[in-house]
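**Student:** Quick note, the sequences are listed as chains C and H, same order. Sequential numbering of the first sequence, starting at 1, is according to the working numbering. Sequential numbering of the second sequence, starting at 1, is according to the working numbering.
Simulated from the structure, these hints should not be mistaken for laboratory data. Every value quoted in this text rests on a predicted model; they were computed, and no experiment measured them. Don't take every hint at face value.
What the hints assert, rightly or not - Pair by pair, the computed Cβ-Cβ distance ranges are: (1) Tyr77(H) - Pro641(C): 38 to 46 Å; (2) Lys480(C) - Pro102(H): 25 to 33 Å; (3) Asp322(C) - Leu44(H): 26 to 34 Å; (4) Gln86(C) - Asp32(H): 48 to 56 Å; (5) Pro23(H) - Gly731(C): 20 to 28 Å; (6) Asp32(H) - Phe556(C): 51 to 59 Å; (7) Ile583(C) - Pro23(H): 53 to 61 Å; (8) Ser73(H) - Asp543(C): 40 to 48 Å; (9) Lys417(C) - Asp32(H): 51 to 59 Å; (10) Leu44(H) - Glu338(C): 33 to 41 Å; (11) Pro23(H) - Asp322(C): 47 to 55 Å; (12) Glu338(C) - Ser73(H): 29 to 37 Å; (13) Lys17(H) - Gly549(C): 33 to 41 Å; (14) Tyr3(H) - Lys370(C): 55 to 63 Å.
For every residue, glycine included, the Cβ atom is placed at its ideal position computed from N, Cα and C.
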Amino acid sequence: MLKCRTVWRKLAPLARASSTVCRQNVRRTGLTHGRLPAQVPAAHMSTGPTGGGRENQLYFLLVGVTCVGAGVYAYRTVKGDQLRYQDRIDEISSRQEKFNTENSDTPSESEPVLAAESVEATETQVVPKPEPQAEPVPESEAEPSPEPQAEPLPEEPSPPVPDAEVEAPSETTEPPLAEEPVVEAPPEEPAEPHAVPVVEEEPLPPSEPSPIELTESPPPPEPHVESDPPAEAAAESPAAEPPEPEPQPELVSESVGESTPVSLKVPSHTPYLLIGGGTASFAAARSIRARDPDAKVLIVTDEPDLPYMRPPLSKELWFSDDPSVTETLRFKQWNGKERSIYFQPASFYINPEELEGAENGGVAVLTGRKVVHMDVRGNKVKLDDDTEISYDKCLIATGGVPRNLQVMERAGEEVMKRTTLFRKVDDFKSLDKVSRNIKSITIIGGGFLGSELACALGRRSNDSGLEVIQMYPEKGNMGKVLPEYLSNWTTEKVKREGVKIISEALVKSVTCKDDKVEILLKDGRLVKTDHIVAAVGLEPNVDLAKSAGLEVDSDFGGFRVNAELQARSNIWVAGDAACFYDIRLGRRRVEHHDHAVVSGRLAGENMTGANKPYWHQSMFWSDLGPDVGYEAIGIVDSSLPTVGVFAKATSKDTPRAATEKSGTGIRSESETEDTATSPVASSTPAPSVEQHRDDYGKGVIFYLRDKVVVGIILWNVFNRMPIARKIIKDGEEHADLNEVAKLFNIHED
Amino acid sequence: MSYCRQEGKDRIIFVTKEDHETPSNAELIAEDPDDPYEEQGLILPNGDINWNCPCLGGMASGPCGSQFKEAFSCFHYSKEEVKGSECIDNFRNMQECMQRYPELYPQEEEKESSPQADSDSGSASAAPPESSTLTPETDSTPGPDNTLPTDNQTVS
């Protein structure tokens with residue numbers, strides 16, 4: 001304070017002085033500071049009109065020269081750019097030619113030109129904007145880019161395009177041009193970046209009704225729209241026929257409609273590329289298709305199956321009475337409605353090779369292929385069979401792989417043969433088979449998956465005499481999620497399902513002896529079993545991070561993305577692999593089904609221009625047998641302080657009863673799809689479910705962080721998730737959580 | 001009588017029905033119906049149809065998605081006395097398309113897809129009856145990812 005005052009005292013006169021000088025140009029009087037008079041002339045000189053005409057002139061001359069110099073430099077650079085650019089194109093086209101001739105199949109002359117032009121298109125798009133931004137920007141960036149493109153293009157396309165046209169019928173093959181970042185035929189090309197400016201430039205109006213269509217399409221035309229004209233042109237061009245399986249579908253097939261001998265069945269360009277074929281990917285595909293009318297979506301997955309949902313693999317499928325359930329993968333929901341684990345039957349999807357030619361777009365799934373390399377700058381990926389696919393927008397939804405215990409990995413082949421890391425359909429099938437033929441099975445892991453499998457297998461054990469053991473380092477089931485008292489209560493329930501629980505068990509070593517697996521625990525206990533299921537967590541699959549240059553989060557694992565699920569321009573991540581910023585709850589990574597759906601849907605929206613952050617909280621649920629079921633939302637970590645409000649449960653408060661009453665299938669479905677069918681009126685009362693005399697029949701548990709509710713579990717209380725979601729969203733400090741609990745009406749059904 | 005106990009950092013409260021009978025004094029922040037971040041219902045604040053609404057299931061995204069959208073949009077914006085009466089062709093297109101994919105669109109649902117002379121909320125129910133009955137076969141978001149009707153009803 002004092003310092004300030006002294007400083008101010010010193011400076012104030014100065015300030016005053018210079019201001020008065022400036023204003024009036026008059027000498028000072030009565031100023032405290034002695035130095036002032038000396039300063040007045042200084043101030044004078046710098047500002048006054050008496051500063052000297054000569055100095056001014058010099059000054060202006062200097063500035064002028066500098067400006068001219070800058071202008072010259074800028075002009076030279078721009079010109080040089082164009083030249084350099086042209087050189088590069090020539091170089092690339094010569095490279096293409098070499099490549100074409102190498103590939104023997106009748107290369108056409110227009111090919112390199114086609115290549116050149118399409119590459120040109122990309123180059124123009126890529127070069128001026130090395131890092132194309134998110135949705136809003138592509139629109140604007142696409143605007144300027146057609147401009148520079150328009151100039152070089154009209155000169156070029158006019159000769160080559162007629163060439164292409166002429167040669168179109170005679171062309172027969174299109175060897176894979178792997179370097180093609182944006183593989184578009186030249187006629188389509190101008191239409192590519194932007195419909196509007198292009199329509200004027202379009203030299204082939206008759207064959208291009210599509211650009212016109214495009215101009216009519218609602219603004220802003222998104223970059224992916226460029227794939228549509230090719231599609232339309234494909235339908236319209238005279239020589240067009242359904243493009244046969246070949247490496248570069250739209251490039252040639254659209255303008256040319258020819259066949260290729262090499263049938264790799266992989267489109268070389270797709271507007272939307274989704275890496276990974278799980279829940280998040282499917283949700284994104286659906287979202288994209290809903291928002292972008294004729295979108296073409298390609299899903300690449302290394303699994304052999306079409307997208308399916310995982311929760312039934314550890315729950316409903318095990319409770320099915322159908323002996324062929326491993327084949328049909330259908331399960332009966334509580335109310336009798338049957339459905340498949342597959343999101344959609346195969347007829348929903350189109351073949352990858354038909355994707356480009358599809359008039360109304362569609363979703364294509366490429367199974368059994370893994371993306372091994374990602375070139376972010378070039379907007380393309382490489383598969384494990386060296387095929388390259390370029391994209392406009394990409395989603396990484398690679399999920400994860402089950403973790404394994406280190407002791408298991410060191411244990412040797414014999415043990416590995418008797419171990420299941422459970423995640424996929426195949427794991428379910430093999431575990432189902434194995435569990436029928438053995439006497440004892442051990443599940444390592446006390447979390448969601450482990451407990452659910454233990455309950456499912458325990459149920460089976462009643463019929464088959466299978467011994468089911470579950471071991472984990474915590475004190476009780478769901479020890480990392482539920483507060484201790486509830487975890488203990490849950491453990492008792494699991495025991496009642498027929499499971500032998502070994503808690504506080506740390507595995508020291510695993511060996512195979514006499515066809516039995518022996519698990520030695522650190523405290524000396526020895527467990528002998530026939531088969532092990534390891535459910536010890538999920539390792540997010542971030543293999544692509546290295547090649548793509550994407551950030552991996554060190555705290556939670558997974559790709560680090562922002563609140564809008566974007567990792568880099570044109571790349572989004574959703575599902576288990578995404579470590580995202582939740583505006584409400586902070587940075588997190590969630591491994592639940594509903595999160596995959598919500599984040600996949602959000603990513604799809606953002607890929608089509610929505611720019612929405614993660615806002616709608618996802619939830620999760622678990623059923624441990626027919627009597628224990630809960631839904632939860634937010635951060636549910638047992639290390640947080642909790643407040644639980646409980647009421648006595650009646651026989652009506654079970655998961656089974658909840659679904660029967662609401663007439664919907666899976667309990668969670670009652671919240672989702674707008675099932676307008678009225679609840680099944682004739683729901684029979686839950687058959688002799690034991691009355692819960694326990695304390696924790698049903699209730700609500702709040703998880704607090706700094707006195708704010710960040711997580712809620714609805715314990716045997718269903719269809720109240722919207723209230724819970726609202727409370728988390730508000731993020732308020734509530735003085736009395738009992739009052740908040742009243743909102744849930746836990747005593748009612 | 002409710003009672004409370006503390007187990008370490010966790011607090012447990014048991015309440016009877018009477019305890020919870022008095023209305024709650026917990027305050028919730030008022031919802032903004034136009035909040036762009038929130039999950040939207042079937043009809044957006046500006047009157048457009050939200051094709052991404054989970055209530056539509058896969059209708060707008062499947063192979064017959066564009067036909068469905070055309071038919072439904074026509075119906076939605078129809079100002080005729082018999083709403084949607086001019087949309088017969090669109091609906092017929094949609095029906096034809098759906099017949100090509102019997103697996104996705106079970107045939108017995110076709111009858112329900114004809115335009116109904118309803119209000120907008122009625123139009124919303126026109127789609128869901130198909131989609132909900134299609135849900136077991138075609139639809140796929142089992143996880144509770146949207147609670148739009150329940151949201152409005154229970155929270156507001």
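**Student:** Just pull the numbers of the violated hints for me, sorted ascending.
**Tutor:** 1, 2, 3, 6, 7, 13
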